[in-house]
Structure formats: C-alpha cells, structure tokens
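S.K.: Following the hints, complete the assembly by docking chain B onto the known chain A.
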Amino acid sequence: MLNKFFKIFLFTISLVYFSSAIKAEDTIKIAIIEPMSGPLASVGLDLIEGLEFYAERINKAGGVLGGKHIEIVPYDNAMVAEKTIQQLRKVIDEDIRYVTQGVGSNHALNIIKTLGKHNKRNPGKEVIFLNHSAVTTSFTNELCNFYHFRFDANVDMKVAALVSQMTKDPSIKKVYLLNQNYAYGQSFQAAARRLLAERAPQIEIVGDELIVPFGKILDFNPYVSKITSSGADTILTGNWGPDAARLITATANSQLKVKFYTIYAGIPAAMNSMGVKISTFNPIVQVTEAHENDPSHPDWLKEIDKEYMAFSNKSPYADRQRFMIEMFAAAVEKAGTADPTAVAWAMEGMTARGAHGDVYMRPDDHQMHFDMVLSHISTDVEKTFIYNNEDYGMAYVTDGWVDMADITLPTTCKMKRPKK
Amino acid sequence: MDVILFTLFNGLLYGMLLFMLSSGLTLIFGMMGVLNFAHASFFMLGAYFAYQISKYIGFIPALFIAPLIIAFCGAMVEKYALRRVHKFGHVAELLFTFGLFYIIEELVQMIWGKVPVGYHVPEYMDFTLFSMSGMGYQAYAMFTLVVSIAMFIVLFSVLTKTRAGLIIQAALTHPEIVSSLGHNVPKVFMLVFGLGCALAGLAGVLAGNTLGTEPSMALSLGPIVFVVIVVGGLGSLKGALVASILIGIVQTTAISLDYSINNFIELIGFSVDIESLWRILIDLTISQIAPILPYLLLVLMLIFRPRGLFGNRDV
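Taken in order, these protein sequences are the chains called A and B. Each residue of the first sequence is one higher than the one before, counting from 1 in this note's numbering. Each residue of the second sequence is one higher than the one before, counting from 1 in this note's numbering.
Hints listed in this document are in silico derivations from the structure and should not be mistaken for laboratory results.
Straight-line C-alpha distance at most 20 Å; calculated EDC-like pairs for lysine to aspartate or glutamate: (1) A:K257 x B:D126; (2) A:K125 x A:D95; (3) A:K125 x A:E94; (4) A:K226 x B:D2; (5) A:K277 x B:E123; (6) A:K226 x B:D258; (7) A:K277 x B:D126; (8) B:K87 x B:E176; (9) A:K120 x A:D93; (10) B:K55 x A:D391; (11) A:K306 x A:E52; (12) A:K68 x A:D26; (13) A:K334 x A:E348; (14) A:K414 x A:E348; (15) A:K259 x A:D233; (16) A:K83 x A:D93; (17) A:K314 x A:D294; (18) A:K60 x A:E307; (19) A:K117 x A:E142; (20) A:K174 x B:D258; (21) A:K68 x A:D95; (22) B:K55 x A:E390; (23) B:K79 x B:E176; (24) A:K302 x A:E52.
Since the model is a prediction, treat every value here as computed from it, not as a measurement.
Isolated chain A (complex conformation) (with noise of 0.2 Å):
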C-alpha cells in the first residue's frame, strides 16, 4: 500500500519536474512585477491580465522563434518599493531574462537601479527592464541604461503633447498650475512652466500650487476659491488618484467653469469615482497613445479591441500594452534568439503598428515616440466605457492628435553599449 503511494508520488514528482523543464525550454518568460495586493490592486491586477492577453495573442499566432511562447509571469509587489528588489531577486534567482513594471516611478528606479548592478557584475545573464508605464523623464535621460526600454510616453513628451493642444485653443490665456508635492508632480510642474514659456508664451501663468499628495487633502474648497479669484481659464494639472477626482469634484460643485488638461485624471477609475455629472461638466482633457472612439482608429485595432473586450469584459485603455508585447516579439524574431543583449540591439530603431502611424523606439535614449491623442470625457460618444461589464455611460472624444515630432524632445542620455 505504501510502496504503492510513494511510486504515485514519485511518478508524479518526475512528472511535475519534467513538464515544467519542457516549458521552460518551450517559452520564454516576461516578469511582471506590479500591486496584487493592498489598495492599488485593481491597477496591477489589469495590467497583468492585459499584458497576458496579448502576449497569448502572439503565442496563438505560432509564438516565436518557430514555435516558442511568451509567457507572461506575475509577481505581487503590494506597492512597497522594497518589495519590488525582493521580488526581482527572486525573477533574477528563477532566470527570467525579462522583467516589466510601471506603476510607480520609484518601484521602476529600483528596478532600474538594481539591474543596473546586476547586468554589470553578471555578463551573459543580463535581464531587460521594459518600462511600460513608469513616466519619470530622468530614466531616459541621466539615467538612461541599454537595459531599460520605455513604452510609455515620459512626462515631459506628455506635457509638451497637452501644451501643443492648448495653443490650438484661442480661448486659452490663463492657466492654473496645480500638482502634487513629490517627484512626479515636481517633474510635471517644471516641464509645464519650460514648455509653456517656450511654445504658449501668450499663455499667462497665473498661479502655481504644489499639493500634499496622495489623498491627504479631504477639502479643495480653499483651491477652487484662489482659482476663481485668479480668474484661471484652464488648470494643467498632472494630479491623479482622489487628488484628481476632488479636486474635479469640487470645481463642479462650485460651478467654476474652467479647462482641465491633464494625464491620469481622466482614467477608467477616476471617471467612475467622479460619475457622469461631474466628469462632462468642465471638459476633462487627456493624452493617451489611442481611444477605442477615436475617428481615425485603425480596422485591425479595432479587431482586436473586440478580442480583448470579449477576453476581460474591460473596454481597452492602454495600448502601450500592445505595442511592447508585438515589438518585443518582433526583436526576437530579428535577433533570431531569446539572448537579451541581442534583443535589446534588435529593439533599438524599431518601429510597430500604433493607432496614428507607426511606433519608434529611439536609439539613443530607448524612449518609444508615437503620435498622441487628446481627447475629454463626454456621453456623447459610440462606445462607453465598460469595465466588469458595468457601462460607465461615457468615454473620450478626440480633440486632436499631437504629431510625433512635436513631443520628441533632446535627451541628455549618453548610454554604454554592450559590444555586439
């Protein structure tokens, strides 16, 4: 009897053992470190499913290589930055040659920081960062490295984007700069003060406000009144979370008619939070790289947002997602072998599809540039926004795209390359 049990135990040990070597010669694995747990889980959490949505796309289509899979692996960060180097050591430990993250710039620097190190000490076990998300300027610029690519626009392409659209608005003259007194917000206030000097100068700053960050303010009353006696036409702010939705709030409340020009305030959550009233009361202005009602979105996008739509019942917000998965695996296929460092020389200088013209990644400081659209929160549009099958009643309409050229700006990266 026990000799039976233990020849199942065996059998299935060796079983277990060799069908794991299998896949780990069968795939090649993409780390994703972001929160699953604590109180931005529903960020993380979607990532992942979209990323493992797309990267299933390209292993339906025959993988790469000739047969080989993408295999996206999560690891929950909970949002501690600490936590972040723990759960890379253990990606290093399992050897995963590709890790990505991008919620949260700080949780990217370590990532940055410690590969830094690791690709150093260890030749021939390097491991790729691919930055989907994390927006902070310096790691494309004196913290650029050959290992980090970045798939998302930086903050300063962000705030050059939404300046270019406030000069095509006439009515534009008084803006009102509130951010959020930490890096990001700091980084979002200095690019806007430089941008609009130099491309809007018959814009007039009339105020500037750093804010405590992070929910901490439960009353924005004081804010509205100093906007509505600056007489402010619009307010650039890269607020987002509940400093956004409050701040939104509690303009409307006040009926202060004014523009909002912003990056995150206008995402999936915080349009829920807000609700329909007072998300169309003032026009809440975003720049994203495509929008499902975008006029000029493409036949195939379109295919395949109905895929991911019937795939996580989630209209498809971030198609940055998209374009790393397809590139990434377009660099495999060029460099002919899941080695990083020659996927990372693959990488540079590639384009893809995007919505609005290809997509570039830019050699010198391996920041993806793409065309980028406006767009503000309406009801009037053909297709509202679902996520969980619940449909929030509205979804963006596109005020205008911003030309690649006119977000690439010059970068201060002098990068080391590996030899060839």
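M.R.: For chain B alone, coordinates are given in the frame of chain A:
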C-alpha cells in the same frame, strides 16, 4: 470682507466634516478608554453600505439604514471580540482594532472590488443653492452641514442632559458602583461602541460621495481624526467640535496665503542671496505648509497642554 466670509464659512463646512469623522472616535475613547484604530474603517463601511443601499432604495433610507447596520456590526465586535481582549489591557485592544482595520479593508476589496465605486450625490440635492464671493454652494453640502450640526446637538444633549447619558458617564469612572445599582455595564459599553461606530458610518454615508468611495479611503483618513481628538481633548465632544472648526479655519486661511519668509524679508527692504536648502525653506509659502499645520498644532498641543483644549486628563 469676502475673503473673511469665505474663510469662516468654508472653515465651518470643512470643520463639521472633520467633526463628523472624529466624534465617534472621541466618544468611544472618552467612554471606554479604547483608541479605536478601525474607526476610519467603519467610516468606509458606511460609504460602501450607503452606495449599495442607495442603488436599490434611495439615499434617504440609506442615511438611516447604513448607520444602523454599522451600529449592529460595532456592537457585535464589542460583544464578541473587544470584551474578551479588554482583559489583557489597552495594548491588546489597540492591536485588535489595528488588525480589524486590515480585515475590513480586505473584506471591502473582496465584496466591492478594488476600483472606486460610483457613489454619487443624489440628484435632487445636486444643484447650487446659493453663491457667495464667486463660489457656488451645493445643496448637498448644506444638507451635510445641517445633519452634522444636528448630530452634535442630539449627541451632546443625550450625554449631558438625559438619564442614559448620566449612566454612560458614570459607567466610565465608577463601573462597580453603576453595576451594583443594577445597570448592565457591559451592555452600556456595547451600546457606546455601537453608537461610536454608527457615527463614523453616518459620516461615511454623508462624505463618501464627495470624497470618493474606494478601498484606500480609510487609510488616507486615519491621521487627521487622531489630530482632532487629541487637540480637542481625548474624550471631549465639545473639544472635538472646537478643534474641528479651528483646524478647518486655520487650514482654509493658510491655503489662501501665498506669502513666504522671503516675501517678508523683501518687504522690510533686504534681499537674501543664498543657494542652499535654506533657500527652499524661506521660499516655502504658507499655503504650501497648510496641510501640515494640523499636525504642527498636534505637536504644540502635546508639548504645552497634553490634555487638549477641553480634556480632563493627560494623553
């Protein structure tokens, strides 16, 4: 004149919000000596319950039902858990409520998901009631103000003017005598804890739709309510009211003042030419430090008057 009027009025509005948030906490502490770390969690539950109930039967029923459910939850927590932990002293109680905070947060995420839910101001109160110095005021904000003032009056008169209030106060200081007079002291404590939680729940119902209802709302709210009850004096309802309005007015005033030390120096005819950390310090405007002023007040209060404004014992 306009500015002063706005500051006072907005200070009152914001202060009453803070008072609603912290009155239950100071009540529980004053009556039972329990520092309830999970207080903000009951606030969050209030918002979520109100969201769920108002989805089906409307906002006004939710205003009554949600706090009642939370009062029941609070009473059960006291009866079956806190009472047992009480034997082991205040540290055990503190740790218990600390754990409860995380349990409630996880439960909320499991039931309602991790993204903010769409809990909004009811449509019939979503209009501008009046305008003052260029700012419109929503009818709902006035409704909240009225409810919170009514809440203070009812609570204060129940505790000081009625027999029930007398028993509650006596049960705190002389539990043995009160129980030998034939009153059920554990039951009194259970009711007080339930009431305290219900007050937090009511605050959640009223504020959840303007602040946003999401799983992290309890966490970001935690610190400020402790400031209110310490500044007001632990256990003093009157103190909580005064401290809330004081903080409301101080913060509203500070945000509207864009002056820094450097402005002052320039005003008296000097110019400072330094490039160091001090530069950041003298360029810091009062409006930038406004959100930390309540905490500064907390520190000063603990140094110079540890019992708070109206408290009768030291922290």
